[in-house]
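Residue numbers (our numbering), protein chains in the order written: chain A, 1 to 382; chain B, 1001 to 1382; chain C, 2001 to 2382; chain D, 3001 to 3382.
By construction, these hints were calculated from the structure, which means they are not laboratory data. Hints are not guaranteed to be accurate.
[What the hints assert, rightly or not] Sample of chain B residues facing chain D (criterion: CB under 8 Å; computed from the structure):
no.	residue
1	Phe1092
2	Pro1185
3	Tyr1252
4	Arg1290
5	Asn1291
Ideal Cβ placement from N, Cα and C applies to all residues, glycine included.
There are 4 protein chains.
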Amino acid sequence: MAPTNAPRFTFGLWTVGNPGRDPFGGPTREPIDPVDSVKKLGELGAWGVSLHDEDLIPWGTPAAERDQIVARFKAALDEAGLGVGMGTTNLFGHAAFKDGAFTSNDRKVRRAAIGKSMRGIDLAAELSAEIFVFWGGREGTEVGAAKDPRDALERYREAVNVLVDYSESNGYGLRFGIEPKPNEPRGDIFLPTVGHALHFITTLDRPELVGLNPEVAHETMAGLSFHHAIGQALWAGKLFHIDLNSQRIGRYDQDFRFGAEDLKELFLLVRLLENSGYSGPLHFDAHAYRNENPEGVWEFAAGCMRTYTALAERAKAFDELPQVKEALAAASAPDLAQPSVDGDDPATLKAESDALDELATRGYYNERLDQLVVEVLMGLHT
Amino acid sequence: MAPTNAPRFTFGLWTVGNPGRDPFGGPTREPIDPVDSVKKLGELGAWGVSLHDEDLIPWGTPAAERDQIVARFKAALDEAGLGVGMGTTNLFGHAAFKDGAFTSNDRKVRRAAIGKSMRGIDLAAELSAEIFVFWGGREGTEVGAAKDPRDALERYREAVNVLVDYSESNGYGLRFGIEPKPNEPRGDIFLPTVGHALHFITTLDRPELVGLNPEVAHETMAGLSFHHAIGQALWAGKLFHIDLNSQRIGRYDQDFRFGAEDLKELFLLVRLLENSGYSGPLHFDAHAYRNENPEGVWEFAAGCMRTYTALAERAKAFDELPQVKEALAAASAPDLAQPSVDGDDPATLKAESDALDELATRGYYNERLDQLVVEVLMGLHT
Amino acid sequence: MAPTNAPRFTFGLWTVGNPGRDPFGGPTREPIDPVDSVKKLGELGAWGVSLHDEDLIPWGTPAAERDQIVARFKAALDEAGLGVGMGTTNLFGHAAFKDGAFTSNDRKVRRAAIGKSMRGIDLAAELSAEIFVFWGGREGTEVGAAKDPRDALERYREAVNVLVDYSESNGYGLRFGIEPKPNEPRGDIFLPTVGHALHFITTLDRPELVGLNPEVAHETMAGLSFHHAIGQALWAGKLFHIDLNSQRIGRYDQDFRFGAEDLKELFLLVRLLENSGYSGPLHFDAHAYRNENPEGVWEFAAGCMRTYTALAERAKAFDELPQVKEALAAASAPDLAQPSVDGDDPATLKAESDALDELATRGYYNERLDQLVVEVLMGLHT
Amino acid sequence: MAPTNAPRFTFGLWTVGNPGRDPFGGPTREPIDPVDSVKKLGELGAWGVSLHDEDLIPWGTPAAERDQIVARFKAALDEAGLGVGMGTTNLFGHAAFKDGAFTSNDRKVRRAAIGKSMRGIDLAAELSAEIFVFWGGREGTEVGAAKDPRDALERYREAVNVLVDYSESNGYGLRFGIEPKPNEPRGDIFLPTVGHALHFITTLDRPELVGLNPEVAHETMAGLSFHHAIGQALWAGKLFHIDLNSQRIGRYDQDFRFGAEDLKELFLLVRLLENSGYSGPLHFDAHAYRNENPEGVWEFAAGCMRTYTALAERAKAFDELPQVKEALAAASAPDLAQPSVDGDDPATLKAESDALDELATRGYYNERLDQLVVEVLMGLHT
């Protein structure tokens, strides 16, 4: 399972295993044995898998059977040479979580959610997962009057603090990633964006162990720039994991194949990731279209990886192209890395502000630069 | 100018003074002398005004004339008995800021923006403004490749640090408010939401002096719950100022009269504000429809205040209504203020998670509660 | 079952019967026997119900059993004194429709969809439904390249023509309603808005028998004004049925209780409906929040009707209020009903356009009018 | 000015002439003499230009001067070898139109708008424009109560009827194009989408002379598929003209360079246009970023044309690629052109619907097809 120089692509068991159920129709594909997914993903060149507790161990499985399932799964991972990118707990599927998990108005539900997460952390540690993710899909409201948002955030913080403590006191050495989302399945979800989650982390007892798991589709649902979001996460040193997929703005959570939408934004994303030194898994949290049969699922998975690889190559070519270097210079892009002020006297700075009219005449050549992005992306400079 | 028990309503000079220009047409109303706005707002019962430097002192005004303008304006404030809620600098109107102000790729522009802001801070202090606001409307991109978002955030941070230092070293005693916005006038603005700005503040040199100035329209453009955003800002102790108006999701920045859209969300907002002990100005950052004449401007201003007052009364009535108390109890809303865990053993919590099936059967009576919100809002329980 | 003067409220069996399943979690409520729904809705004061074939007759039911189910259901309707507002066919739930029904790329699926719809029409006629609805939820694409949209529209037209012919040749006397929706469950649905469907109807063989079934949530998902959409449908004489609920812009299909969102738009809608002479059913296509138990379902249903009734009363009061009449006159609202031209010579009209500067000075007093809407809605003028 | 086989690219005078004004800041570029735009566009390889009356003849120009301006402009067109794609009237810039033009509540304004349009039609005819466009940017409301939408549509229809009659009675031989837009500058615009406008056309006195001028940015603001919209317009025989640009969903009207956003949707659009036999102008209704200087404007214009040309080549390559043909066949895409029914007996069709379970098992291989779109677009198959 040693990481190689190749990109470390991972897929959630729930992604290739997605049966195609949606709010208006039942499943269109049979469930897949996780062991088969491991085998197939290994053949396709993935580095590893990710999972919720219930992706592997159905709710209600007796303890002894649970251990057998885990052992069989670990054997499959070993055989396929695959690692586990991240583990997480399903706190959204069971009807008990219909009002939330860590922020349910029912204290018993909150406690059960914490208990279930402890077991999820145990499983993640047992599988040597690199990171444990909190996606608070049910933490939110349709009816704003039902929850004081301050109380909800306080309960959310309490739960994460308790769980990070639990991991540390067991010596698991796990790091944690919070996954923001603006809405769906709740009308309004707490910690709706990368920004809200970054702030939340600063309020935790052990902020150094908690970072982000941002998802393309989630920021995009709210029409926010994912490229900028990842920029702020990297700037904060908090990009611990990433969920890659595609989505149109202002729609239900589509989780399309990586590359299926908004290629320019994905180009900027991949360029930023590749240049940033991010070394975590490149996790595809997507699923095949509902009208695919099982064969289409694996075409979907291969497509995600092919497009990421192609974008990374194009990003590299972009940065090496002489015209691009010139266009970046014409845009003064490198200048932005220079401090604006160097112990200057306020009077100096005030006086410089009188020169606005002169400063207004120059151009920034952003059309040239963006056209080059489009042309390199389309392979017109290869 | 002593604050009274009455709500401290303020209006930006640019709001009642908005001439009706939009991207497709010129002004429909004459400019208003700020002194006339002060007089008229005083008559309507406002507590005070807010202003950008250029709302009062046109760009390019010689220094001597500037002082006369300020003196005349202060006299008008005194006469009308009005205070100044907040001051800010216009870093978006001049063509020099077309690529940004604190985050322009041109270092000279960044320095000029800092210098102009220092003068704006001087003016705000001279007018005894309670707070100084940073709205980074031009801090963003249409072309993602033109700015590394990490560099941009670093420059943004540098500028705010320098300016807070400037205020402190002059003994101004000002507090600062960052105003997030997702897009318009730039394609993607840095610090797009309340969450991103809350995180940014934690990275500053003097975070205790910097809070938020959230605006209804801005979070709403991205479809985020403003009620939840204010909840997180209050939870963080960072609600320093607020911009009240109305907006439909996913549209251009409409800045409609407070109450013109989404009455239920505004009801929840006003209830939260009134119950939170927030004591800053209630600032209307809105403007009259473009098809209004000057008379309509003052009807607009009166409408903002009337609707806020009516919502505050309805919120009070809501919390006093016996059926509401019952519905909140049925929703277990008060329970959310109780800690979930009290030094429990992990084994206990894990065991409690086995009870999910039992926990799933109860209802939360949110339909009842939300219907009461609607009915109280409509005055059906008075 | 004779209609009375009271509003003819109807509920789909699938609305009160919604079990709370969503893409991230299973059902939270037990299925309800349609006979029990009929009884309960009768007690609450509804006029009738609506249904898909499969709401009453599960897929795969043998013919003899089918007839027993229908007979039992008709008896329940008789006993409760309820009518059937509309019938429709479920062409979205079965996995066979995963690529579309009338516009599936597979001809056999298209034929099966037409055949299933014929049976649905038989059932609707048997139950004396007033209207038969086509909601093409699966008619669309995630992958634009997979369907030529011109072919898809041609197939859609063919199917509707065949089915209207079928009804006519059986002497059923049914009218038909097309229900547009922009997206979900497909990425992009054909006939996405009221406008597209109105145009489509003009291309049919028997356009006089086909109108619209617009839904609040569907136009709202795309951020379009439902009030304007109903205006165009009424103007075209095509408002045959209506689906009432609530929705936030740019989200998944929420189908909230009527009144839960955007009260002002709903006030304008109810006012338009009540003043238009629309006499079809007022059909609530909504469902209770997922965190409700069975008791909450009936609170939800009662809330829909109570809010409609309250809005209708407020709309009546609005039109009778002297200030409103004055504000409408100040806005020149009645003037819009007057033709602009009366056989004028072009030269006259051209000359009149020289007077734009004079025409620009007047105001339209829309702030006053809209503030009155808000105040009447809030019950401040009762 | 004879059209060649090359794509007939046109640019509005207002597009390359856009001075960079936006709601938050003044112009950043000097106005351009239309004659200079003509010259420059000719050098860049455009086929022609489009214009509003006021793009060429400033409001208030005396008649004699007007004729000189027109003569000079025609000479410039001749010299550059450029044609006029379309003409239109500015009914949005003057403050008189603040409440609408054809649908203003003030009858005098409506008459002036018709008169101004007659002059605009005269100018378009004089310049041999191929089409005359109606963009009703001010036809709408912020305050729904201010206009009965049925009255507004009736006035809209009256105006278009009168103006088409005017053109015909002058023997101009013009065709007309309606340009829908959902919002901005009004809160809600009448005829918000391609669908609404297609229906509206069917209500006109001379529907055969009136078609559509759809714009990428406008449908996209509402999150609707432009590819599907153009499909319905072509199906209706109503694609008379097209406005090409780029836009992100749910934002202010960005009018970005063609290709700047959503490359896959634009690929599908260009493929559809090229395969449809559409022979009208390919009109770029876009403008350079506000931070560009004059040099950037022409880079912007060149970029629009380069990207269209590249997409057209890629679309051709796509349809010729053997793997694509196979993927289309696997998706049964060609099958959609076949009628579903061929005089079949209803009993046959009903019986076929019993076979749904069998029909559910096949896949449609849409992942494969869409991945090929992405790969061809990226130049991975050249």
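Hint by hint, here is what the structure shows:
1. Residue-level restraint check for B:Phe1092 holds (minimum Cβ-Cβ distance to chain D is 5 Å; threshold 8 Å).
2. Here the hint on B:Pro1185 is kept, as its CB sits about 5 Å from the closest CB of chain D, short of 8 Å.
3. A least Cβ separation of about 4 Å between B:Tyr1252 and chain D falls short of the 8 Å threshold, and the interface hint therefore holds.
4. Taken as an interface hint, B:Arg1290 checks out: its beta carbon lies about 5 Å from the nearest beta carbon of chain D, inside 8 Å.
5. Checking B:Asn1291 against chain D by beta carbon gives a least distance of about 4 Å; that is within 8 Å, so the hint holds.
Of the numbered hints listed earlier, not one is contradicted by the structure.
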